[in-house]
Structures are given as structure tokens and as C-alpha cells.
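Student: Now for the letters of each chain:
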Amino acid sequence: GAGVSQSPSNKVTEKGKDVELRCDPISGHTALYWYRQRLGQGLEFLIYFQGNSAPDKSGLPSDRFSAERTGESVSTLTIQRTQQEDSAVYLCASSSAGRAEAFFGQGTRLTVV
Amino acid sequence: GQQLNQSPQSMFIQEGEDVSMNCTSSSIFNTWLWYKQEPGEGPVLLIALYKAGELTSNGRLTAQFGITRKDSFLNISASIPSDVGIYFCAGRISGTYKYIFGTGTRLKVLA
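First to last, the sequence lines map onto chains A and B. Under the numbering used here, read the first sequence as residues 1486 to 1598, first letter to last. Under the numbering used here, read the second sequence as residues 64 to 174, first letter to last.
Calculated directly from the structure, the hints in this document are not laboratory data. A quick note: this is a predicted structure, and the numbers were derived from the prediction, not measured. Worth double-checking, as some hints may not be accurate.
Computed footprint of chain A on chain B; a stretch qualifies when at least three of its residues, placed anywhere within it, have a C-beta under 8 Å from a C-beta of chain A [claimed, not checked]:
# : segment
1 : 104-111
2 : 156-162
3 : 165-174
Sample of chain A residues with no beta-carbon within 12 Å of chain B, all distances over it, derived [said to hold, decoys possible]:
#  : residue
4  : GLN1491
5  : SER1494
6  : LYS1496
7  : THR1515
8  : ALA1516
9  : SER1543
10 : SER1558
11 : THR1563
12 : SER1572
13 : VAL1574
14 : SER1580
15 : ALA1582
16 : ARG1584
17 : GLN1591
18 : ARG1594
19 : VAL1597
Ideal Cβ positions, reconstructed from N, Cα and C, are used throughout, including at glycine.
This is chain B alone, in the form it adopts within the complex (with noise of 0.2 Å):
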């Protein structure tokens, strides 16, 4: 199925660090969302994005809409050990209600 590259694959920093990540696509999207993913539970919603060049913070998380509209990138600052998990970025296609989701990026913080 449609994938949106996103990038790294997967990371592991120190508690504290500041991490990024980020995805690119070759579609034009009008929205894009970034979720987070614990094992064994569905992806919980962390961040919604509505406009090119829209930079939009929760806490410590902050993320930009990318002004060609086809990415987007996610900033954790001074991580801590509790934001472990798989982060998904999802896009959705201009004109539908169809999301594509990202690869995932796999945090791993390190106390």
C-alpha cells in the first residue's frame, strides 16, 4: 500500500536530547497529523496540522507543515524516558478523507 517516507527509521538519543524526525512525500497533502505508538495499543493523536508553513506546538513537541505541502517534521525537546515509542506521521490526500502513514520513526531514550 501508499507509504510516505519518513525518516530516521529509528533512533536512540540520551534522556534530555532534542530528537527530530521527518517526512517527505511525493503528493500534495492539505493536512498532516503526527501520532505516537505504544505496544499494544492503537496511535494517539499528538499533533494536527492544517496549513503550509503552520508551525504548531503540544508541550514539548512542536511541528511544521511544510511549505511545498508534501512534508512535514516532528521536534521533541529535552526528551524523557516516557517518550518512547513508534512515531507516524499520516497526510491526507487533498479533496479525500484518506490518510497515508508514515514508516515510523522508532524512539528509544536511554536514562
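So that you can see chain A by itself, here it is in the shape it has in the complex (with noise of 0.2 Å):
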């Protein structure tokens, strides 16, 4: 696609709930990143896939976060039983394997409610 595509761009969900958020990555882009904002913060560094593989997975807050990308396209983050400190924006980038430039989407706004 044109840029990357992230989905749903507003997610509310009860504390205890699993949810997932997907990302679909500018065509073509071998690496793909997830980071998270909270309100008023910078970005906060979760994963990044190069092809299908997860090199450095250092920024998952915790083993209720986990991520996956299947056919080097697109990637889903999964939060297992959300807590109210989940409640973040939720940011995909992807950028290509010979230039270095990240392109970010506009985000899923996560609330726990």
C-alpha cells in the first residue's frame, strides 16, 4: 500500500481482555517495528521483525505481550489479559532493507478500561 496501515485506530476494552492490533506495512518493506506512547511521552521501543524473524524482542513490557509477522507483510501485537497500564497508543513503522528511513502509521489508541 501507500503507507502503513494500522487497525483498528481506536480499541476499548475491559481489563482482563485479550486484544489485537494489526499492522500492515508499506509493500515491500523487509523491517517492521512496534512501539508504544503513553499519553504526553516519547516512543517507547517494543519489537522490530526483519522478514518474518524477531532479532530483538528487549522492549515487550512483559509475556503478556507477544508479536508475530507472517509472509514478510503483516504483523499483529497481542495483549493477553490487559491491565489499565496498557492504555497507550500503539505505533507501527516499517522501513526497506536498503534505505534506512522508518515510516510510521497513525496508530491504535489503546484504552483499558
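The task is to assemble the complex, starting from two chains supplied on their own in separate frames and drawing on the hints.
Tutor: Quick look at the structure:
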């Protein structure tokens, strides 16, 4: 596609429920990133993929968080048993192998009530 | 999580003034990116820097990759009201595709 697409744009969920966030990167981009941005704060690295593998998962806050990528395309970030502290905007970005610039989607605003 | 030191944290300036912000790190980076984020939007890429000492412009924006590879600055000349937003630097750790982001500079321009 023309840009990075994330869905849903907004998600309200009850504490304890699981959620799945989706990211469609720019076509042909081999690297894909997930970041978390709490209200009024900077971007916190969660995980990145090179192709379908994830060389660095060091940013995932707990084992309730997981991510996968299939077909060097779509990625899903799953948060199990959501907590109120998980409320944030989850941003996805992608970049190509040859160029380092990472382009972001609009984000998914997650609210846990 | 890891973050770069970015300063200033916020700036209030008059329209027409020049603006300067910078990022410093204890780590060496092989790429620096500068982004602007507006409310409710994802960050938008402004400038990319690839070599130590590199100076790159994009319209009224100029950014430099520090010689030590541990810092970068962004200048905005002749600011206008639409420059309002939060500016973030991002550094890529050598040998990886991992980007670490600065804490952001919130810019407000008074007309």
C-alpha cells in the first residue's frame, strides 16, 4: 500500500480481555517495528522484525505481550489479559532493506477500562 | 525503555524566530532520523542522516549528524505557526535495525 496502515484506529477493552492490533507495512519493506507511546510521552521500543523473524524482543514489557509477522507482510501485536497500564497509542513503522528511513502508521489508541 | 536525551523539552517562540534542538546519547549510532508528530497522528519523517558530520536540509529545516556519532541537532529557520508539534530524534544502533527515540521537544509558535 501507499503507507503503513494500522487497525483498529481506536480500541476500548475491558481489563482482563485480550486484544490484537494489526499493522500492514509499506509493500516490500522488510523491517517492521512496534512502539508504544503513553500520553504525553516519547516512543518506547517494543519489538522489531527483519522479515518474519524478530531479532530483538527486548522491549516487550511482559509475557502478556507477543507479536508475530507472516509472509514478510502483516504483523499483529497481541496483548493478553490487558491491564489499565497498557492504555497507550501503539505505533507501527516499516523500512526497506536498502534505506534506513522508518515510516509510521497513524497508530492504534488502546484504552483499557 | 531506552531513550535518548533530547533538549529542550519544550519551547515557546515568536513566529519568525529560529529554533534549535538536539539529541545526545552514550551510544554510537549509524543513522539519525528526525520526526514531527502532531496530535492524534503518527510521527512524520523530516530528515534522515547517514554519515558522521553530514549536514542535510529540507526546506527551512537543517539537521546534522555529530562527528562523534553520539549526537545530532535540528534547526528550524523562520518559524511559522504550522511548525507547532512535537519533534523527536531517533538513532539507529549500529549493526541492527533498532531505533531508539528521544524524549521529544514540544514546540509552540506564537503568531
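Student: Taking the hints in turn, state whether each one holds.
Tutor: Going through the hints against the structure:
no., hint, verdict
1, 104-111, "holds (count 6)"
2, 156-162, "holds (count 4)"
3, 165-174, "holds (count 3)"
4, GLN1491, "8 Å, violated"
5, SER1494, "10 Å, violated"
6, LYS1496, "15 Å, holds"
7, THR1515, "9 Å, violated"
8, ALA1516, "5 Å, violated"
9, SER1543, "9 Å, violated"
10, SER1558, "17 Å, holds"
11, THR1563, "19 Å, holds"
12, SER1572, "15 Å, holds"
13, VAL1574, "8 Å, violated"
14, SER1580, "7 Å, violated"
15, ALA1582, "9 Å, violated"
16, ARG1584, "8 Å, violated"
17, GLN1591, "5 Å, violated"
18, ARG1594, "8 Å, violated"
19, VAL1597, "19 Å, holds"
In summary, the numbered hints that this structure violates are 4, 5, 7, 8, 9, 13, 14, 15, 16, 17, 18.
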